[in-house]
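S.K.: Listed here are the chains, written in short residue letters.
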Amino acid sequence: MNSNPLPTLAFLFLVASSVNAQQAVETAETQASAKDLDFFEKTIRPALVKHCYECHSKESGKIKGSLILDTRDGSRLGGDSGPAVVPFKIEESLLIAAIRHNDKDLAMPPKYRLEDSLVADFEKWIAMGAPDPREPAATGGKVPEYTNTIDLEKGRQHWAYQAPKKPQVPEFSNTDWTRNAIDAFVAEGHASKGITPAPDASPQTLIRRLTFDLTGLPPSPEEVEGFIAAYAENADSAIGETVARLLASKAFGERWGRHWLDVARYAESSGKEVNATYPQAWRYRDYVIDAFNADKPYNEFLVEQIAGDLLPAKTDKERSEHLVATGFLALGTKNLNEQNSRQFRFDLVDEQIDTTTQAFLATTAACARCHDHKFDPIPMSDYYALAGIFLSSETLYGTPNGLQSRRATELVELPSTAPNLPGVGLAGIIELAYQREVLSEAVTSLEQQAAEARRSGGDPQAFVGRILQTRNQLGIAEGKLLLYDDEGNARALAMGMRENGDAFDSQILIRGEEDQATAERAPRGVLQVVKTDDAKAIPAGQSGRLQLAEWMASPENPLTARVLANRVWLWLFGEGLVSSVDNFGTTGEKPSHPALLDYLAVRLVELDWSVKDLIREITATRTYRMASTFDAEDYEKDPENRFLWRANPRRLDAESLRDATLAVSGLLDSDRPLGSAVAEAGVGFVGRNIPESTFETDTNHRSVYLPVVRGAVPESLALFDFSDPSLTSGKREITTVPSQALYLMNSPFVIRSSNALAKLLTEEMGLRGPELAREAFFRAFSRPPTSDEAAEAKAFVEEFLAKAKAEGLPDSEARLLALTGFCQSLLASAEFRYLN
Amino acid sequence: MTRRQTLQTLSSGFGYLAFSALSTIAAEKAGNPLAPRAPHFAPRAKRVIFLAMQGGPSHVDTFDHKPLLTRDTGKPSSRGIATLLGTPFEFKPRGQSGLMVSSLFPHLADHADDLCLINSMHTDLPNHPQATTQMHTGNFQFVRPSLGAWTLYGLGTENDSLPGFVTLAPPNGAQNYGSAFLPAIYQGTPLGREVRNRFARENSSAPMSNLSNPKLSNELQRVQLDFVNGLNRAKLAQDQHHPEVEGVIESFELAFRMQDEVPEVLDLSREPDSVKKLYGLDEEPTATFARQCLSARRLAEAGVRFIQVNHGNWDHHRNLKDGLERNCSEIDKPIAGLIADLKQRDLLKDTLIVWAGEFGRTPHGQTGNGRDHNNKGYSIWMAGGGVKGGMRYGSTDDYGYQAVEDKMHIHDWHATILHLLGLDHERLTYRYAGRDFRLTDVHGEVAKGLLA
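Chains as they are written, first to last, in the numbering used here: chain D, 1 to 836; chain E, 837 to 1288.
None of these hints come from the bench; they were simulated from the model. It is possible that part of the hints are untrue.
To be verified - SDA-like cross-link-like pairs, simulated, lysine to any residue; straight-line CA separation at most 20 Å:
1. E:1243 <-> E:1285
2. D:803 <-> E:1065
3. D:480 <-> D:542
4. E:1051 <-> D:811
5. E:1051 <-> D:407
6. D:805 <-> E:1050
7. D:803 <-> E:1055
Unchecked claim - Not close to chain D: a few residues of chain E, all C-beta gaps over 12 Å, as computed:
8. 915
9. 1075
10. 1260
Positions of the beta carbon are idealized from the N, C-alpha and C atoms, including for glycine.
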């Protein structure tokens, strides 16, 4: 037998044994004597109805503390604090602790204490074994059962689950056209479709394409001229050297890291209704950028994001990186106002399963939360096998408690050498602590006044609003205090994961409903459809995140390398070989070039998972070098260009457009800022104590450093199809809407940049007339104007000047306005934002 | 140069074959995604004005008449130990139809014969965020496109100088007017989000960013735009076939038009006093909501497909009587004005007005003078385009706890709205992550009984 982490026999055994246990309990209960049941009916049930159901029953629609007392299972399962009823064990039954009123936090019912005799009756009932004839669950008397309907063997036949094998390189490898093996696969596709590849692009087009693709920035005029000269000497080495230069620049990580941040649904707030800030999220952003710049092998990058906290580290820096990487799992959207903690946990875990399986495996495992996957070979038991892994881990995201925000957590403490924001100093921390005390006292005082009002027959409701508001402020104050040490220095904190010390397997929830748990549990494990021989079993007491990560990062996993190779292809060509980049399942698209995809996947592993090396091989191809020239006949045969008869014309994404605008105007600040606007805004709730407008910042830093707040993404990004940061998004939509045009015509940012460019050209560079036009065109388009364009530019400036003067503007002002208008026209033009 | 002229120039430039390929395959893909599209069948409504009431308006105090609840006030409820709380408001038969509407809506009640009350709504959860999201998108678990985005995706829009889906002063939660996996162009354009009260304070300014250039006159901007267009046309000629660049050229022209159109459409000062009076624009406490309702009418008239108007603070756990009186006094007259105004312009017949909150409230009292959330039975109403007026559809039990007759789930309601717009909710699909998604998931039944 192999070492599959889900050995079938063991699985069956576990299931069978837990079913037996359940049956044993039920037999005992059906045998409860009539006398015992009579005691329940006469004494216990009426007391539960009278004193407990109002807040703890499905029927009343209220389930405080996630505790349901109107079903037997609900009582035994318990709520947020633990099981309410443990048969025969009075001291372990929280119900007894609550009604005794000894513990102030637990005391129930909250407003009065039951009579001593009734408390004694409850104790007696528990001692009897808590005989309870009520339906086991709210499902008409049945414990829900799960039956697996998935045929795994059949499912494994799907192409994506077959191990990629290094294919024979097609015979086309020795033609004039091909530069390396990759071209041979593409040439084979050309031949099969009867299409003709476009000629090589001009060197001007190529340098522009390379620079934007690898750095998200335009080439400088000097770089363009240098490349054109080198290309004339030797095209291959000109491209190779340029690629090496660009891969070595830190702008590379800022560009490619941003690609990954889309996949990782990176954002700096919790989204949804509450939308609490994540002031530490920027550390994950910087980690990703640095990982791409350092060419961290992708398998390590993967493992760190899922289980970095469980890896050994040689240095503080490495330890810090590993911890920050697990922020991947903590950054998702959250229903922070969910009242039912069990529901919250399962929703949190669902988001983690969804993101993890889509990002690394292009698999939609989250579809199996409520039923077996409808299309892919993923049974519900696999989903809950993954769920057990994440349920056995603790997600630390650090939002505070407050109005409608319940699920506060701590953060991960980093080694103190991690980069950090300035602290508040001793005076600051004393002030914060003082505020906390004042607010805390205010809450206590208000609560006392409300209690007093209640006793004296007044209206305690008058205090409710103030109590809630003050508690909210208290929550924010406590959240802020957490960020600093006793001397007011910022603590080095990050979002991330840790083991919760209590590893367990998840029940299977029928229809995904948290109160419809089956008796059986799904042993923690990975997706059964993908078997790898090197997979390790999950040791008892461990969550299994490390084993999950290693299984994904295994060279034997047929999905991982393919999924990344496909993403890299997308990021270089504008379309994946599999166009559904986040879904390789049976409902995804099939690869246009299956052999090429396999070749790239195998190469990636051979290259020790080096993304930079893979980029080197792909950019060295003839395929990458093609022009985007339109050809009507090829278009007829392959309108979507799936077989690459030309380069795809592409629009700059939002970040590249903004960064290029800053770069061309000479405004770009290429340094990395420390933190982000969200870190500066700090702990709180967007739209409540932190206005959304806080995040419309006007900086000259690269766009990857702009704040990404869910629901308040800066206009410069949101208008140009930035992905919804709530969802994994491997590929952006491209829309062309008038609000984009309005932005280019009227926004303060574009006007400011145009004005800076006009001044740069005139005041700093001292240019005018044709020289000015030439430099402006070169900066914006990497080419000089044609003679027609030069004439039109001249005509524009003259007409504009004349009209501006006619409107009464003084000459110098009119001249600057005309030049600004000219520069803005270039920045707003289609050529500026469409790559050939 | 128009789009057609551009195409003609192009077609003569590089051969008819390319042009025909462009017109068959590419034009469909790259065509203006907002262009009007034919519905699946003859529509009864051409546009929607959605009046969204956030917080969960009580149904038993407004549109669901429960005499037994009033009779049994103070008696124990069948749910828990709370006692039943009869409404403090008087219900009366209104109009020819005799539809029962409470005294909270004196003006709206005058239009009872236009209202199609749905008393049998139910939704999945009694929590605000989830229920609000489900009301807008059908699904509270996942990020899904909103009703307005689906509508725009299905039908396109009729005014090429305005966005096709507009939401006025929405509360937080962009997901509720988002497009999720639908192309971003279908998401709602929020107007006045940052400045919720702008509608109340200012007369004519349009709450949308980048609507005017701080430095350039219209004339100068026109000169500049012509230069940009020249550059873009040169690129188009160079690239031979580039639908997106065509789109850019169009979008600049639309944007240029919007600069004039948007402020004009939202310039309420152009309305005669009699109309302002009709909505209650000239007085408190109606002015704010009146401004939004009147803006909605102007947007509807201008051809916008889906307009959402938002109103909040309906979460009356306590002080129900005061709270409801205050809220209803803010919206009653403006909504009545909107119905009357649409009617007098003959627009009501093909404009669907929808009034809805995310759920209703319990028939038993809470904290003495309030009500708790109730998702199992509540009321909404629709009026205009294709629904029967003066009718009551479905019902709750004797006390208003849960829908019992002709139960209408959110999915059924969404299916019905799409049906009124001429869209089959089972055919309006979008492929994402490998499967065809619908607004109604795998659910939804059109409520045929309320179709006119």
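S.K.: Indicate, hint by hint, whether the structure satisfies it.
M.R.: Here is how each hint holds up against the structure:
| no. | hint | result |
| --- | --- | --- |
| 1 | E:1243 <-> E:1285 | holds, 12 Å |
| 2 | D:803 <-> E:1065 | holds, 19 Å |
| 3 | D:480 <-> D:542 | violated, 32 Å |
| 4 | E:1051 <-> D:811 | holds, 15 Å |
| 5 | E:1051 <-> D:407 | violated, 49 Å |
| 6 | D:805 <-> E:1050 | holds, 17 Å |
| 7 | D:803 <-> E:1055 | holds, 8 Å |
| 8 | 915 | violated, 5 Å |
| 9 | 1075 | violated, 6 Å |
| 10 | 1260 | holds, 22 Å |
Hint violations for this structure: numbers 3, 5, 8 and 9, all remaining hints satisfied.
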